[in-house]
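Following the hints, complete the assembly by docking chains A and B onto the known chain U.
Now for the letters of each chain:
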Amino acid sequence: MIPFIQTTLDGLMVGSSYGLLALGFALIFGVMRRLNLSYGPSIMIGAYLGTLLYIKFGPPTYVVAIVAVAGSVMAGIYVERLCFAPLGVGAGVASMVSSFAIWMQLEQASLLMLPRHSYPFPSLTGGELWSLGPFVVRPDYLIMLAAMLAMSAALTLLLYRTRFGLGLRAIVENSLAASLSGIDVERTMLKAFALASAIGGVAGFLVLSANQQVTAMLGMWATLKGLIAMMIGGLGSIPGAIVGGLALGVIEAHSQNLFGPQVRDLAAYAVLFVLLVLRPGGILGTTAVRRGMGQRGGDRWTTT
Amino acid sequence: MDDHLIGIVSNIGVISFVALSAYLLLLTGEISFGQQAFFAIGAYTSGIVTAMWQLPFALGLGAGAATGAAAALLVGLPTLRLHGLQFAIATLAFAEAVRILFELFRYQIVRDGELVGPNGIEGFRNIRYIFENDVSATEFMLIIYGLLGATLFGLFLLERSRLGTAFRMIGEDDLLAATQGVAVVPVKLTAACLAGTIAGLGGGLYAHLTTYVEPAIFDVMLGVHSLAYGLIGGLGTAFGPLLGVVIDIGLLESTRWFAGYRMIVFGGLVAVLLIVRPRGLLDEQLVHRIRRAVRRRPRPSPANDTVLGKELS
Amino acid sequence: MEAMLEIADVVTAYGKIEALKGVSLSAAKGRITCLLGPNGAGKTTLMMSIAGALKPRQGSIRLEGSELVGLSPARIVGNGVALVPENRLVFPQMSVRENLLAGAYQRNDSGEVTADIERMYARFPRLKERREQLAGTLSGGEQQMLAVARALMSRPRLLLMDEPSLGLAPIVVKEIFGIIAELNREGVTIFLVEQNAHLALQVAHHFYLMEQGRVTFSGNPGELAEDEVIKRAYLGTRRSAG
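Chains as they are written, first to last, in the numbering used here: chain U, 32 to 335; chain A, 698 to 1010; chain B, 2 to 243.
If we strip away everything but chain U, and leave its shape as in the complex, we get (with noise of 0.2 Å):
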């Protein structure tokens, strides 16, 4: 029993990251009702910058995160205006498509920085670990855990207790509506897009000081994890990108526990096929949706 419940407290650590991740692409997805595909690339500039700094000069790590985070939503401006603002809506596929160009671009200069595989990381925390009873927990988990859940929070507040927050909103709803109301649609999801990226770089920072070490596979590995979490909690809702984070790491924990590693991602895919197809709008479906961040009618963010 102890290591089963040792290996579900594993994965509840992990899954905080997930969970982080997921958090800004929900609120990507959830506004514009677009794929960013660069989201994980853009997190990645952040933190190439943040780590050429410490390779560099050995900074303090707060001055890394803060460098890490604001390369993250410098790079996500970038997408934003290159990719989404001038592709009118309904050009789905072409601004997906458009940032995933601008992901070979945003990882091509990251390894134009940084060449090798894998560089150092600072770490919150000296990475020891802490003993709770007979579990073992690592405090920089616990971070991104207390992180997540501040954040999540903080977003909720932003989006029902603020003006900005009730903008973004009312584009969710109807956009047209939003702007002949006086809401400026543009300004708006470029802020949105911006905080998301920003959330990102968090994420990015967190989980690469946990690791202590930062590799060229970051990009991809940000974007899968942040969309797979999204996807299986709920689309666009930040309950939703909180429970699919959390229920992936759990998942893969213990799947790794019983398997091994390649079968730890064949899980996770599998869990996310059957869930798909079973129940398409995630774990905490389409209600949760609406509740959080609306969804309109069709689904129609493919083609056209």
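Hints are computed from structural coordinates only; laboratory data are not their basis.
Note that the structure is predicted; figures quoted are calculated from it, not measured.
Worth double-checking, as some hints may not be accurate.
[What the hints assert, rightly or not] A few chain U residues that face chain B, going by a derived Cβ cut-off under 8 Å, partial list only:
1) Ile108
2) Pro151
3) Ala201
4) Glu204
5) Leu207
6) Ala208
7) Ser210
8) Ser212
9) Gly213
10) Ile214
11) Asp215
12) Leu306
[Said to hold, decoys possible] Sample of chain U residues with no beta-carbon within 10 Å of chain A, all distances over it, derived:
13) Met32
14) Thr38
15) Leu84
16) Ser149
17) Arg192
18) Gly196
19) Leu221
20) Ala225
Even glycine gets a Cβ: it sits at the ideal position worked out from N, Cα and C.
Below, chains A and B alone, put in the same frame as chain U:
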């Protein structure tokens, strides 16, 4: 032609099959991140048929195409009622699961004192049929382009048929198509199967071209690339995806221009291109105009164009 | 009569198709101006062009002398123009109160906004009853009232209304037109698109008729009622919906 050039041209031909496969689904309005899975299944199957069972090449290709179609049917049944992002992610999950299954897949026999067959993450080496049977690189390139030409011809016939019209109708608006009497699910399933067949056939050619496949080749990157090809080249005609492949592999990957900055240049170009032409270089309007110019006299719009009339207004 | 809105030679096109082929008209300050015309005449296109949701290809749209063409919809709202769009377009998953707040998005006087919401509740008691209900659950008439109230929340100098009677029961239409007259008595300039000429005759001070992207008639209610063509098409055999 020197060997290097033949290699590049053959590669373009083979990758065009996955691009066409993704394009076919795009016509019905669905985005698949997973066509590389059928490409992989076709590659492994045809490799097993020729290199391990030592059956003729044509049989290998046929088996690759058939397993591609069968797999597409199997995945299509549960997933085709999904839409948009859900469908896209379901195909992604399937394709990644397939890739990992190939990482776990071991099936080897001894042939001429050597172990042959898929060996998990190491991949499947020595699919040497074309060398053992003295097919030259040029001949193999001609085989690839013969089959690609036949596939394209088939797609052209398809696009002029009622089925092709039904594809585009569903792509525009499946509810509207249903009210016009199009049986949406069977038509989509047909599209998925055809797409699987094309990818499977391409996979068989790929395995024999490179003589070696490994699971890592068939990752999400290949899937998203094949989707991007259609969008870069254009969604108006089956030549669109081909143009996309030629631009990417032919111009950028093969020439050593911009070495080290290739992705920065290519990524930027594609992003700017999509701002100017969100449905690719050869989009429906351009294709329509070319067709009219070729016919030299104005004609009432064929069925296809009324379906797409929304785009013009 | 001083003009609130002056539209000169406006051309708005969708691709190659010109929906407005050089429209000129004006709306007098403190009055109700009504635009009549068949479906497809370009009435909604004109409204969207004034509100900035569509960009005219040429021509000018002036609000008390200042040019609106080229401004974003948000800036136009800031300048004092609010549109009650065709089919209402309320935010269905937001509460009635949040819909009203969205209408006041540009205002920075939160105390006054709260007071204005109370004023809307006083004017539309049914919205008060349903203040925390999601707008999507309201009846068509209630949604229309919400759309009007939302537009008023920006404290517009000019209120544009695109077919406020569309799809509503006759009794509700009557109520809406009562409110239009009331708002106008309080000093709001109104530019109204309507297909129901009988109803419009009861409230409007000036009429325009638009057909195929052009203004083909301009006159006061008396002139409208005497015009033979209009009589046949808009007043004659057609029964009043009100």
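Verification of the supplied hints:
For isoleucine 108 of chain U, the interface hint is violated, the least distance from its beta-carbon to any beta-carbon of chain B being 19 Å, above 8 Å. For proline 151 of chain U, the interface hint is violated, the least distance from its beta-carbon to any beta-carbon of chain B being 47 Å, above 8 Å. Nearest Cβ of chain B to the Cβ of alanine 201 of chain U: about 5 Å, under the 8 Å cut. The hint holds. The restraint placing glutamate 204 of chain U at the interface with chain B holds, with a minimum CB-CB distance near 4 Å, inside the 8 Å limit.
Evaluation of the leucine 207 of chain U hint against chain B yields a held restraint, the C-beta minimum of about 6 Å falling below 8 Å. Taking 8 Å as the C-beta cut-off, the interface hint given for alanine 208 of chain U holds, the closest approach to chain B being about 4 Å. Among the interface hints, the one on serine 210 of chain U holds; its C-beta lies about 4 Å from the nearest C-beta in chain B, closer than the 8 Å criterion. Interface hint status for serine 212 of chain U: upheld, as the beta-carbon distance to the closest one in chain B is roughly 5 Å, under 8 Å.
Given the 8 Å rule on beta carbons, the hint for glycine 213 of chain U holds: about 3 Å separates it from the nearest Cβ of chain B. Because the closest C-beta pair between isoleucine 214 of chain U and chain B is about 5 Å apart, less than 8 Å, the hint holds. Interface restraint check for aspartate 215 of chain U: the shortest CB-CB distance to chain B comes to about 4 Å, inside 8 Å, so the restraint holds. About 25 Å separates the beta-carbon of leucine 306 of chain U from the nearest beta-carbon of chain B, more than 8 Å, and the hint is not met.
Distance check for methionine 32 of chain U against chain A: the nearest CB is about 30 Å away, which clears 10 Å, and the non-interface claim stands. The claim that threonine 38 of chain U is not at the interface with chain A holds, since no C-beta of that chain comes within 10 Å of its own (minimum 21 Å). At roughly 22 Å, the least C-beta separation between leucine 84 of chain U and chain A is larger than 10 Å, which holds for a residue marked as non-interface. Against chain A, the non-interface label of serine 149 of chain U holds: every CB pair exceeds 10 Å, the least being about 18 Å.
With 10 Å as the threshold on Cβ separation, the claim that arginine 192 of chain U sits away from chain A holds: the shortest Cβ distance comes to roughly 29 Å. Under the 10 Å C-beta cut-off, the non-interface status given to glycine 196 of chain U relative to chain A holds; the minimum distance is some 24 Å. Every beta carbon of chain A lies more than 10 Å from that of leucine 221 of chain U, the smallest distance being close to 16 Å; the non-interface claim holds. Every C-beta of chain A lies more than 10 Å from that of alanine 225 of chain U, the closest at about 19 Å, which supports listing it as non-interface.
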